[in-house]
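Using the hints, position chain B against chain A.
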Amino acid sequence: MNITYIILIPIIPFVIFLFLGVFYKRIKPAVSGYVGVFGLLASAILSFYAAYQYFFVHGKVDGVYQTFLKKSVWMNFTDTLHIDMGILIDPISVMMLVVVSVVSLMVHIYSRGYMKGDEGYTKFFAFLGLFTFSMYGLVLATNLFQIYIFWELVGVSSYLLIGYYYTKTSAIAAAKKAFIVTRFADFGFLIGIMIIGYYTGTFDFETLNNPEGSAIMNWAATSFMGLSVITWALIFIFIGGAGKSAMFPLHIWLPDAMEGPTPVSALIHAATMVVAGVFLVARLFPMFYFVEDGFVLKIVAYVGAFSALFAAIIAITQTDIKRVLAFSTMSQLGYMMLALGVSGYEGHEGVGYMASMFHLFTHAMFKALLFLGAGSVIHAVHSNYLKDMGGLRRYMPITNITFLIAALAIAGVPPLAGFWSKDEILVAAYEHNKLIYYVGLFVAGLTAFYMFRLYFSIFWRKDTSYEKKPKESPLSMTFPLLVLAVLSVVSGFIPFSEFVTADKAGFEAHLNYPLAVIATTVGIIGIILAWIFYKKENNLSDKYARDFGPLYKWACDKFYFDEIYMFVTKKILFKRVSAPIAKFDKQVVDGTMNGIGNKTVLISQKIKGIQSGKVQDYAFAFVVGIVVIALVFIYLWTN
Amino acid sequence: MIEGITIYELLTLTTIIFFIGVYGFLTRTNLISMLISVELILNASVVNFVIINKYLYPDMLQGVFFSIFIIAVAAAETALAISIIINLYRQISSVEVKDTEIMKH
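Protein sequences, first through last, are from chains A and B. The letter at position 193 of the first sequence is residue 193 when you use the working numbering, and the numbering goes up by one with no holes. The letter at position 9 of the second sequence is residue 9 when you use the working numbering, and the numbering goes up by one with no holes.
Just so you know, these hints were derived from the structure itself, not from any lab. Even glycine gets a Cβ: it sits at the ideal position worked out from N, Cα and C. Heads up, a few of these hints could be off.
Said to hold, decoys possible - Far from chain A, by Cβ distances over 12 Å, these chain B residues were calculated:
id: 1; residue: Glu9
id: 2; residue: Leu31
id: 3; residue: Val50
id: 4; residue: Lys98
To be verified - Listed below are the simulated BS3-like cross-link pairs for lysine-lysine, each with C-alpha atoms no more than 27 Å apart in a straight line:
id: 5; chain 1: A; residue 1: Lys608; chain 2: B; residue 2: Lys98
id: 6; chain 1: A; residue 1: Lys168; chain 2: A; residue 2: Lys116
id: 7; chain 1: A; residue 1: Lys168; chain 2: A; residue 2: Lys468
id: 8; chain 1: A; residue 1: Lys553; chain 2: A; residue 2: Lys535
id: 9; chain 1: A; residue 1: Lys387; chain 2: A; residue 2: Lys553
id: 10; chain 1: A; residue 1: Lys168; chain 2: A; residue 2: Lys570
id: 11; chain 1: B; residue 1: Lys98; chain 2: A; residue 2: Lys614
id: 12; chain 1: A; residue 1: Lys606; chain 2: B; residue 2: Lys98
id: 13; chain 1: A; residue 1: Lys298; chain 2: A; residue 2: Lys468
Bound conformation, chain B alone:
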């Protein structure tokens, strides 16, 4: 609960971050940038958890705990994604999205 800032403003902020992430995910041509965009999406939702917990149920902690879970899972997921990208790089010497089209076959 931060004085002088309403929940609407904060939710607007997270929505903006979320859509920046979506936009980045759809438009970046580099796998690493896409990964960063995914992180933005995740972070937006994590912040949402905390905000809603703090503003609507100030005497509970579930939202905060969930955000910690999500951060842990996101870290694992990022590690996995990076390892896939590295392996892919060894195969095709590129991390461009358009070069990964061969994987559909």
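Isolated chain A (complex conformation):
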């Protein structure tokens, strides 16, 4: 299979970024919007062509999907250890190409309407181009170091876009928080990469992921504190992934990241960048599975399950619609993680892996749709808060319908996309770990509840009287909504298990009817509860909130995690650790250096007088010198 043209897919957004970035003062907003949209359209077409070529024409040999590589050496350390740059084509990278290109294209189209009249319109599209380029590079990376480079690049573009409204203090704080928290996690990732490079002598996914390869076969060679060093490396790598994917306890940046423009939230903080952590675990899945009999995978599963539950509980209490969606994203990412965690490797055993990727795919569609719908609502009423909304179905019919479709999809109502992928996840969890299955089932109910709480509160409930009548958004915004709504309906019917599996062989997945019925029932119960509570204006919800008392308050304040972090950093780290170190640095280290400098100045001031600038002084010194030398010579010769 000829994969040279695939390099164009990331190059196009990069060129757009450079073009818009360099000429950003000279380009008219209308032009930059079209440049972004058509560039992304080209790269989306190429992605689809690549996916078609890979999945249906050239990819399969003897029933197994092959891996295609194209790379060149970038940095040479030893004969075996070198960093390459290149592209790697296998089922998950092709799938991610499709996800990123579709969502990015839709967000570009949407932004033309949403950002209209904004001062930094061109800059916004330039940043979107940079982000899309980095994300493509991340999914196509051939080795750990390359993925790390693009990993940081998406972090930077996320930082730039969260802080896009740079005159708002909260946006700046959120951008810094997102960058620092993920950067902190990436430090773990880097340590993991170093350990892997040192003990296995390679960074290449090809070599690392080979189940018969030396990296996996020799995992037990060296151990440290009761675990293999490779296990430690994987734990550190998972910390990096957890930071990007907002897993507990590194989730605190994601809700704040909603300060960015809504299209950005849809693209980066719902559909693509935040799934990078899931993608990373999936990318190294054979290592996670075989090393130490899947010890790290268990951690992944429990962290994922806990994050899913934790975030879903918080999501019920939030009143900022974007924050609800942010916690929902975190919860769904937890779902993907737990699916990976309970997955096996071969054939039907690997249903968790397949389900995770499937859910990643469908979630990208309906969560992007939810965010874009929320953006449309915010655009119309100019507020993020539920109290300012209500009864909007009369004013915004298209947004209403598409939002409903997305909400049904995420709640797992058949036959929409979320139902199929969530069902597979629950099947995988049921087969491997009952505890996680029950958590997952409970979260499914909570998801349906908070999602419909949101839906009813925005579009039904009371008839808020608006000062300015809200209008349906322009076509540039509703068109992506409609496209994504269609995708949210149909993407569930893709037979994912034939395309994306852990061992790349594909298997026949069946719907497990009892489990599907249970999950759907739970989802529908959630929806009905939300209907009772929020369809009409009443004080039921307030009453129950009071009944839950402190629990409600805790959840509303996000279990005080921000405060805990603040306490740990400000009161303990800054005061007890950093301040003494700073003092030491200022007084001892700087003191020594300043002392040396001051003494030099002092001495030079003392001896400066010699250089009087008077010619005759110099001449006198010269003559005296000559006389002395003459006397010395005379003395030497006469003896």
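Frame of chain A; chain B shown alone:
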């Protein structure tokens, strides 16, 4: 070779002229006077060349030639020094040595 005068007397004379020049160079406050002192030093050495040639190697001429070279070079050097002093005068309206201290900066 002058009858009745020994080389010692002549060398003593040039040494005296030389040190008068050095003394003048060190003590004069005026750049022009300093220049004249330098001329004295130079002349003392020129006379030395001639004396040593005449008294020690009467049938050779190198010393005399060297003295002519030195006179030529000294003339050029004086012209240069005078031009510098004139330029300096235009800048600071003075030819006093103490006023030229600013040049150290």
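Outcome of the hint check:
With a closest Cβ-Cβ approach of about 21 Å to chain A, Glu9 (chain B) is found to remain outside the 12 Å limit, as its non-interface label requires. Not every beta carbon of chain A lies more than 12 Å from that of Leu31 (chain B), the smallest distance being close to 8 Å; the non-interface claim is violated. Every beta carbon of chain A lies more than 12 Å from that of Val50 (chain B), the smallest distance being close to 23 Å; the non-interface claim holds. Look at Lys98 (chain B): its CB is around 7 Å from the nearest CB on chain A, not clear of 12 Å, so calling it non-interface is violated.
Our distance criterion of 27 Å between C-alpha atoms is met by Lys608 (chain A) and Lys98 (chain B), whose separation comes to about 17 Å. Distance hint between Lys168 (chain A) and Lys116 (chain A) is fulfilled; the C-alpha atoms sit about 19 Å from each other, no more than 27 Å. Proximity of Lys168 (chain A) to Lys468 (chain A) is assessed by CA-CA distance (about 25 Å); at most 27 Å being required, the pair is judged to hold. In summary, the hint linking Lys553 (chain A) to Lys535 (chain A) is supported, as the alpha carbons are separated by about 23 Å, within the 27 Å threshold.
Distance restraint check for Lys387 (chain A) and Lys553 (chain A): the Cα-Cα separation of roughly 18 Å lies within the 27 Å cut-off, and the hinted pair is therefore satisfied. For a cut-off of 27 Å, the pair hint linking Lys168 (chain A) to Lys570 (chain A) stands: about 23 Å separates their Cα positions. In summary, the hint linking Lys98 (chain B) to Lys614 (chain A) is supported, as the alpha carbons are separated by about 7 Å, within the 27 Å threshold. For a cut-off of 27 Å, the pair hint linking Lys606 (chain A) to Lys98 (chain B) stands: about 22 Å separates their Cα positions.
Distance hint between Lys298 (chain A) and Lys468 (chain A) is unfulfilled; the C-alpha atoms sit about 53 Å from each other, more than 27 Å.
Comparing the model with each numbered hint stated earlier shows that hints 2, 4 and 13 do not hold.
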